[in-house]
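Visitor: Construct the complete structure from the given sequences, taking the supplied hints into account.
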Amino acid sequence: MLAETTRPAAVRDTAPRLGFLRSWDTAIIIAVLLSIAVASATVTGFASPRNTGFLLIDLIPILLLALPMTLIILTGEIDLSVASVAGFVSCVFGSLWGAGLSLELIIPLCIVLGAVSGAVNGVLVSVLGLPSLAVTIGTLALYRGLAFVVLGDQAVTSFPRAITSGLQAKIGASGIPVWIIPVVILAIIFGVVLHFTGFGRSLSAIGYSEEAARFAGIRVAQTKFWLFIISGAVAALVGIWWTLRYGSARGDNATGLELSVIAAVLLGGVSIFGGKGNLPGVIAGVVLLGILRNALQLARVPEDTLSMLTGGLLILAVVAPNAIAWSRTLSRRSSTP
Amino acid sequence: MTTLALNRQPSAAWLGTLTRSREFSVFLALAILVTATVAANPRFLSAQSTKDLLLNSSILVILAVGQAIVIVTKNVDLSVGSVLGLTAFATGKIFIALPDLPVIAMLAIGIGLGALLGAVNGALIAVAKVPSLVVTLGTLYIFRGVDFAWAQGQQINPSNLPESFLALGSGAVLGLPYLALIALAVVIAFGLYLRNYRSGREFYAIGSDVLAARLYGIGVGRKVFTAFAISGALAGLAGVIYAAKYGNLDATAGQGLELNVVAAAVVGGVAIAGGVGTVYGAAIGAVLLTTITSALPVLGVSPFWQRAMIGALILASIALDRYLALRTERRLRGHDKHAG
Chain A
1 MLAETTRPAA
11 VRDTAPRLGF
21 LRSWDTAIII
31 AVLLSIAVAS
41 ATVTGFASPR
51 NTGFLLIDLI
61 PILLLALPMT
71 LIILTGEIDL
81 SVASVAGFVS
91 CVFGSLWGAG
101 LSLELIIPLC
111 IVLGAVSGAV
121 NGVLVSVLGL
131 PSLAVTIGTL
141 ALYRGLAFVV
151 LGDQAVTSFP
161 RAITSGLQAK
171 IGASGIPVWI
181 IPVVILAIIF
191 GVVLHFTGFG
201 RSLSAIGYSE
211 EAARFAGIRV
221 AQTKFWLFII
231 SGAVAALVGI
241 WWTLRYGSAR
251 GDNATGLELS
261 VIAAVLLGGV
271 SIFGGKGNLP
281 GVIAGVVLLG
291 ILRNALQLAR
301 VPEDTLSMLT
311 GGLLILAVVA
321 PNAIAWSRTL
331 SRRSSTP
Chain B
338 MTTLALNRQP
348 SAAWLGTLTR
358 SREFSVFLAL
368 AILVTATVAA
378 NPRFLSAQST
388 KDLLLNSSIL
398 VILAVGQAIV
408 IVTKNVDLSV
418 GSVLGLTAFA
428 TGKIFIALPD
438 LPVIAMLAIG
448 IGLGALLGAV
458 NGALIAVAKV
468 PSLVVTLGTL
478 YIFRGVDFAW
488 AQGQQINPSN
498 LPESFLALGS
508 GAVLGLPYLA
518 LIALAVVIAF
528 GLYLRNYRSG
538 REFYAIGSDV
548 LAARLYGIGV
558 GRKVFTAFAI
568 SGALAGLAGV
578 IYAAKYGNLD
588 ATAGQGLELN
598 VVAAAVVGGV
608 AIAGGVGTVY
618 GAAIGAVLLT
628 TITSALPVLG
638 VSPFWQRAMI
648 GALILASIAL
658 DRYLALRTER
668 RLRGHDKHAG
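So the protein lines, in turn, are chains A and B. As numbered in this note's numbering, the first sequence has no gaps in its residue numbers, which increase by one up to the final residue, 337. As numbered in this note's numbering, the second sequence has no gaps in its residue numbers, which increase by one up to the final residue, 677.
FYI, nobody ran anything at the bench for these hints, they're computed from the structure. Warning: the hint list may mix true and false statements.
[To be verified] Far from chain A, by Cβ distances over 10 angstroms, these chain B residues were calculated: (1) Ile369; (2) Asn497; (3) Arg559; (4) Leu636; (5) Leu661.
[Stated by the list, open to error] Computed from the model, here is a short list of chain B residues facing chain A with C-beta under 7 angstroms: (6) Ala465; (7) Lys466; (8) Pro468; (9) Val471; (10) Gly475; (11) Ile479; (12) Ala486; (13) Val638; (14) Trp642; (15) Ile647; (16) Ala649; (17) Ile655; (18) Arg659; (19) Ala662.
[To be verified] In the DMTMM-like style, the derived pairs of lysine to aspartate or glutamate whose C-alpha atoms are separated by at most 25 angstroms in a straight line are: (20) B:Lys466 <-> A:Glu210; (21) B:Lys466 <-> A:Asp25; (22) B:Lys582 <-> B:Asp437.
Ideal Cβ positions, reconstructed from N, Cα and C, are used throughout, including at glycine.
Guide: Structure follows, in C-alpha cells:
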C-alpha cells in the first residue's frame, strides 16, 4: 500500500524522496534530543556517567542486530530468527565452555554456527524462494528449540569474573563502555558498505523492485543469501556478548529481542516494504528506543510493561509514514481543487 | 488450488481427490504417529489419555481455525497468544466480581472482548494499511503488557471460579469432553461457512489475488478486518476455555502460543502465501501438534525437543507447499502444450 502511494513521487525525481527521508530523520533526531532533555529533567539519576554506561551497554545487542536487519529489510525481506540464533549460540557457547574448551576456540566456532544458522534461512529464502516471514517464523521456533535441546533448563554460569566484569570496563571516568567502540566501528563499516558501494545501493534496488534489479544485472538470490549469513553471524556475536555480559548461558537468553530490533529499524525510517531507509536513521531509532527504555526503567516501570512501549513504537513507526502521506494527499487535494 | 480441484473432478474421482488432499496426508501422519506411540506404550490410547489429548487439543484447534482464516487472506495474526492470555485473566477477574454470572454469558463476554482486540488489529491493518506481521507483533506485546499491568503479579486460583464454570473445563458427555465438542462445533461451522458461502469464498479470493478481488468488487479492507475480528473472537473464546480448563491464571497464560498456532495452520496445509487451505486441515494440524507434545515422553524423547520439532515442521510444511505448487504449475504448462 505504502509502495503504491509513494512510488510516483520517487519516480519523478530523487529529490523529494530524499527530502521525505530527511524530514523523518530530523523528526527522529529531535525526538532523541527531546527524550534526553525530558529524561534528564524529570528522571533522577538519568544524566549521570554511571547511567550513561548502563544505557550504552544495553544498546549494544540491539545496535548490533539492527545493522544486518536494516540491510535485510531494505531488500524487502525480514529475519525474525535473530534472537533465537543468539539464544542457540549462547547455549552452545555455554556447553562448550562447560566441556573445557578455550575461548579462543569457542568464539570462532560460535560465529561459524551463527553463520550456518543464517545460511539455512538464506537457502530456504533465496534458493527455494520461500517467503522469509514464514521461514524465519519456523527457524525462530527451531533455533529456540535447539537452544533448549542443548542446555535443557540448566544454565552455565561458570564464567570467570575477570571476563564478565571486563566487558563492563569504561573509558576513564566518562562512563562510556570500552566495548561500544568495536560496535561503532562495525556500524561505520555497515554504513559505508550500504551508502557508498554498489553492493549497498543494490539492496535498495532489490527492495524497490526485485524484477528491475534482476534486469539491471543484480544477483538477487545470491545477495539475499549472503545477507542472511551475515545476520546469523552477527546474531552469534550477540549470543556470545549476552552470555558473557550476564555471565550466564541459558535457553531463554535474548528471548523476544527481535521485537526491539525490528521496532528500532522501522522507527529509524526504514520502510517495511523495502527499498527505503538509511543507517544513520536506524542508529537514531536504536538510541531513541534505548533512552526511552532506560528512562522508564529508572522510573521503576516494570519490565513486562515496558515491552508495551516497544510494541507501541513499532506500530507507530509503520502507521506514521502512512498517516503523513495520507494527510499530504488530503492537503494537496484541498489546495488544488 | 481449490478452483483447480473443482474443475478437474469427474463424478467418481472423490477417492483420488481425498487421498491427494493435504488434509488426508496430515491425517495420515497423525495416524502413523499415534500407531507408533501406541506400539511403544499401549496405554497412550486409553480412555483417560485420549480424553486428555482431546482436551489439550481443543484450545489449539479453536485458535488454528481463526489463524487459518487470517492466513487464507495472506495475513498473519501473531497476537492470538496475548489475546488468549488477556481474556483468560479477564474471565477470572469478572468471576471474582460477579460469581453468579452464567457460564454462557461468560463465553459471550470472552468472545466479545477477543473480537474487540482482534478489531484493533484489523483496523490498523485495513484502515492504516500496515502489514499484519508488524501490527500483530506489536499488539502481541501491547496486549501482554496490558495483561501484566492489570495482573500486577497476582494469581487467580480455581477456588475463585464457580463450580459450574470449572465443570465446563473438565466435564464430558458420552466420553467426549465439552471443550472438544465446542472445538468441533467451531471447526464445522467455519468449515461450512468458508466452503459454501459467498462471503466465505471471498476470503480465498483476496488471498489468491488481491487486485482481482478488488476489481471483482470485494471490499478487501472490510474483509481483512473481519478475518482479524474472527481470529480475535476465537482467541477470546479460547481464553475463557483456558480459564475453565486450568483454573490457575496469571498474566503469562498462552505466552508463546502464537508459534504453535501458526505451525498448526501451516502444517495443516494453509499456505502462508494465501488463498489455499481449509480450517479442517488447520484443526488436524493442531491435533497433530498436540499429539506430538504428549507422544514425545512416551517415545523416550526429551520434551525439550518439542519446540525444535515445531520449527522443523513449519519449515518442512512450507517447503512441501512450495514444491507442490511448482509441480502443479509445471503440469499445467505441460497440459497447455498438448492442447496447443
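Visitor: Each hint: holds or not?
Guide: So, going through the hints one by one against the coordinates:
1. Ile369: holds (22 angstroms)
2. Asn497: Given a closest Cβ separation of 22 angstroms, the condition holds.
3. Arg559: holds (15 angstroms)
4. Leu636: Holds, because the least Cβ-Cβ distance between B:Leu636 and chain A comes to about 15 angstroms, which exceeds 10 angstroms.
5. Leu661: Holds, because the least Cβ-Cβ distance between B:Leu661 and chain A comes to about 13 angstroms, which exceeds 10 angstroms.
6. Ala465: Given a least distance of 5 angstroms, the restraint on B:Ala465 holds.
7. Lys466: Because about 4 angstroms separates B:Lys466 from the closest Cβ in chain A, which is inside the 7 angstroms limit, the hint holds.
8. Pro468: holds (6 angstroms)
9. Val471: holds (5 angstroms)
10. Gly475: With a minimum Cβ separation of about 4 angstroms from chain A (threshold 7 angstroms), the hint on B:Gly475 holds.
11. Ile479: Because about 4 angstroms separates B:Ile479 from the closest Cβ in chain A, which is inside the 7 angstroms limit, the hint holds.
12. Ala486: holds (5 angstroms)
13. Val638: violated (10 angstroms)
14. Trp642: Where the cut-off is 7 angstroms and the nearest Cβ of chain A is about 6 angstroms from B:Trp642, the hint holds.
15. Ile647: For B:Ile647, the interface hint holds, since the closest Cβ of chain A sits about 5 angstroms away, which is under 7 angstroms.
16. Ala649: Holds: closest Cβ of chain A sits about 6 angstroms from B:Ala649, inside 7 angstroms.
17. Ile655: Because about 5 angstroms separates B:Ile655 from the closest Cβ in chain A, which is inside the 7 angstroms limit, the hint holds.
18. Arg659: holds (6 angstroms)
19. Ala662: violated (10 angstroms)
20. B:Lys466 <-> A:Glu210: holds (22 angstroms)
21. B:Lys466 <-> A:Asp25: holds (22 angstroms)
22. B:Lys582 <-> B:Asp437: holds (19 angstroms)
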